[in-house]
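*Asks:* If you want the building blocks of each chain, they are given just below.
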Amino acid sequence: MASPTKELVKTSNLTKTYPDGTQALTGVDFSVTKGEIHGLLGENGAGKTTLSKILSGILKPTSGEIYIKGNLVRMKRPSDALGLGIGMVHQHFALVRPFSAFENIVLGTDLNPTGERAKEAKASIADLAKGVGLQVTLDSPVESLALGAQQRVEILKMLYRNVDILILDEPTSSLTIKETGELFKSLLKLKEEGKCVIFITHKLREVMDFCDSITVLRQGKVTGRISKSEASPITLATMMVGRTVEFELKRSPMTPGDEVFTIDNLTLLDREGKEVVKDLSLKVRRGEIFGIAGVEGNGQTELAEAIAGIRRVAKGSIRLKGTETEGKSSSVIRRHGAGLIPEDRRQMGLILEMNLDENVILGKQRDLQFRGSLTSIAWRKVRQFTSDLMKKFEITAKGPESPARSLSGGNQQKVVVSRELSSDPDFIVAAQPTRGLDVAATEYIRKLLLDSRGGGKAVLLISAELDEILQLSDQIGVMYEGRLIGVGAAETMSRERIGLLMGGIVA
Amino acid sequence: MKLPLIGGGRVLAPLEESAFAALMGFFFGGILLVVLGYNPILTYYYMFYGGLGSLSNVTDMLGNAAPLILTALTFAVGVRAGLFNIGAEGQVYVGAGGAIYASYYFLPAGIHLGFALVLAGAAGALMAVPTYLLKAYRGVNEVITTIMLNWTAYFGVLWVAIVLLADPARPEKTISVAPTSRFPDFLLGSVSTSALLFAIAVAAAFYVYLWLTPSGYELRSVGLNPEAARFSGINPRKPLLSALLLGGASAGLAGAVQVAGRTTPFALYTGLSNVLNYGYNGIGVALIGRNHPLGIIVAGLFFGTLQAGFSTVQLYARVPFEIIQVIEGIIIFTVAAPELYRRFRGSLKK
Ligand SMILES: Nc1ncnc2c1ncn2[C@@H]1O[C@H](COP(=O)(O)OP(=O)(O)O)[C@@H](O)[C@H]1O
Ligand SMILES: [Mg+2]
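Chains as they are written, first to last, in the numbering used here: chain R, 1 to 507; chain L, 508 to 857.
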């Protein structure tokens, strides 16, 4: 064994086979040294989550050893890992939604959130949050927070438990540039304190910018371990996907057609009556992608909900092909020619327990094309439809009968997108369409959006991913505190300018 | 496409699981019997003898299974819609009342039974309306309203039985259900067999509704993921209403079976003893049957058999009533445990 003091975490020949026979990890040798930010890079399905769950005591390896601070350990449950100073922030949040952020953070500790010491604890958490630059309103119920803020609660929860090895499973997939920057600032602080961060991502830029060393996983095997100085985007990408990746999608020039979708002076309120979207107007034309950038939690979620007909409009109007959609249900809005891709595919786009047949007709269950005798659903027709979609959109799954839960994130999103595009809509809203997806799936989804544009559809893209906005959009606006600011043609918008607008600075 | 069977596609696994769980239950129950000084083999022998030992025992057991299947459907359709509906108990009472009330009319056989069933089903469904209104418009949890309604139904039906439906000659009971509105006894010479066939038909209808109709699909969607259902344009109140009304109707029909489809007594007595607990036992049956109509048919027969063994075990194996109940509880709990676990784990994840 190499010098045990330096290596905080080390695995040797780690293998994990899931009960269903999936070989998620094969002979993984992985190590992290004290005081480093270590990037764990890999496509979806590479085994990153599996590895981190093993390190945090949630899963047991099939074989192989784990050494923490030089000692061979056998962890049986997450509390064992916490005892050893290892904490994990999950890719999909594990928060109690009706509880406040504060209650979530102290949940599972022996602190009574309404007791004597609660005030002190709250103050110390607020300090901690401020110190590491993770701002959250501690008293709001978690379900009222945007995904980005929920993520911050998760991170604070671990920091509150004083872990010295922090595992973050794709933490930036719900953060934005600004938030990511802040997160990294706090991670750097933790690093200075001698803590170690295992940072999981599939975003090359992030590992290049922030990680001291990088381990790349592909199909459950380590395909490389290099230090920051040796890393380049091309080498990393090749290690990750095993082939050279196309980095630029081609957005061919197009002349936009007539106006399809219009929002005029839209104002939306939250539950307390606070304005979350203020006097927002925009137009989307055929053959055009309108990109809305912005830090999450600035009203994008509410805007998308109002467009989908599941949030009341306080003032203003939303019109699709000239018809007011306010007060109409999302199925009516869809039938009128909208494709709605929700920001949270697992929660809003899919019913994970249902199989693909059942998921592809969600919202179309009363369509004539699936009508059997009397008013029954003709599952034979649905099956044909599912198979066609799977073929056309390259959805990888065991079959149309697989539950949606069993699909990878990329394939889940393909199911949602294919369902929405299959009705040949004139207008598509895509909210955070590639969040958490791997390189290949991201490329594929973006290409679909560009193809839709090419097919003369109007696309409204809401994304916290600046690269995505810049790559796809013809028109760009930034949402800041409920307002749409700095709207302009993509050519006139630089990365820097958008970055400033996202921080509320109108240059 | 293959019809989605229990647990979505695979029928064998849940059956094996339940059979294994049942064996475990009998085993643990047996240990308890030994510890308490009773002969487990003899006890189980009479338990099954009571249910299956003779033709009349069998028909009696089938008659017991019929209302259990119907009340289990009430609970199951609720679970499928994301509800914990325990209102079947009270709906059975009003259903029984409705079926008896039908006997004040003179109608030809067959039509008369149909009329009684319609009244019973409607009474049960009506009983579910307050639960719907309070949940849909005031957000009141259905557990609370259904428990309160069960008591309301109990005293309401008691009053109706004593005051409105009382038999002038025998004031301790209601009038007897007219022979024309009883279930026919064309099979094995018992009304219970046709009552069971009826319950099976209702279960099949629930199956068709849940898996082959858009409305049933919407109900299941809301039950599994209300947010995604809403985003897809489903108005969550509609499935809520369907689940409560269909469940209420089914429990009402269970009440009709109890007074028109059992060998005796074709009436309600003060205290309503012959309709008590079918709603609550239906929850166990639904859990054993994995909240699936086809599973519920099997589970109803199993539960019916256990229950029918009660009196014979007391009589012949001389095991006291309370201990038999404990043994039965153990068996039912072990069989329901896997499903309970899955439900509970599911709710933890959310
Ligand atoms: N609970 C599970 N049961 C079976 N297979 C699983 C399970 N969780 C993950 N897998 C599979 O293991 C592989 C690695 O998954 P995961 O660790 O989640 O990858 P990553 O986090 O890199 O996207 C994938 O093929 C995935 O489908
Ligand atoms: Mg993962």
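Calculated from the structure, these hints are not laboratory results. Source: prediction; values computed, not measured. Heads up, a few of these hints could be off.
[As the list claims (entries may be wrong)] Label pairs and their computed distance ranges (CB to CB): (1) L/MET531 with R/LYS185: 44 to 50 Å; (2) L/ASP692 with R/GLY327: 55 to 61 Å; (3) L/GLU523 with R/ARG74: 29 to 35 Å; (4) R/ALA314 with L/ILE669: 36 to 42 Å; (5) L/ILE669 with R/GLN369: 54 to 60 Å.
[As the list claims (entries may be wrong)] EDC-like, lysine to aspartate or glutamate: derived pairs with alpha carbons at most 20 Å apart: (6) R/LYS228 with R/ASP258; (7) R/LYS328 with L/GLU835; (8) L/LYS745 with R/ASP367; (9) R/LYS321 with R/ASP344.
A virtual CB, placed ideally from N, CA and C, is assigned to each residue, including glycine.
*Asks:* Now tell me, hint by hint, if it's right for this structure.
*Replies:* Against the structure, the hints come out as follows:
1. L/MET531 with R/LYS185: 44 to 50 Å: The hinted range 44 to 50 Å is violated for L/MET531 and R/LYS185, with Cβ atoms some 56 Å apart.
2. L/ASP692 with R/GLY327: 55 to 61 Å: 57 Å, holds
3. L/GLU523 with R/ARG74: 29 to 35 Å: 33 Å, holds
4. R/ALA314 with L/ILE669: 36 to 42 Å: 57 Å, violated
5. L/ILE669 with R/GLN369: 54 to 60 Å: 57 Å, holds
6. R/LYS228 with R/ASP258: Violated, because 49 Å separates the two Cα atoms, which is more than 20 Å.
7. R/LYS328 with L/GLU835: 53 Å, violated
8. L/LYS745 with R/ASP367: 18 Å, holds
9. R/LYS321 with R/ASP344: 26 Å, violated
The structure shown violates the earlier hints numbered 1, 4, 6, 7 and 9.
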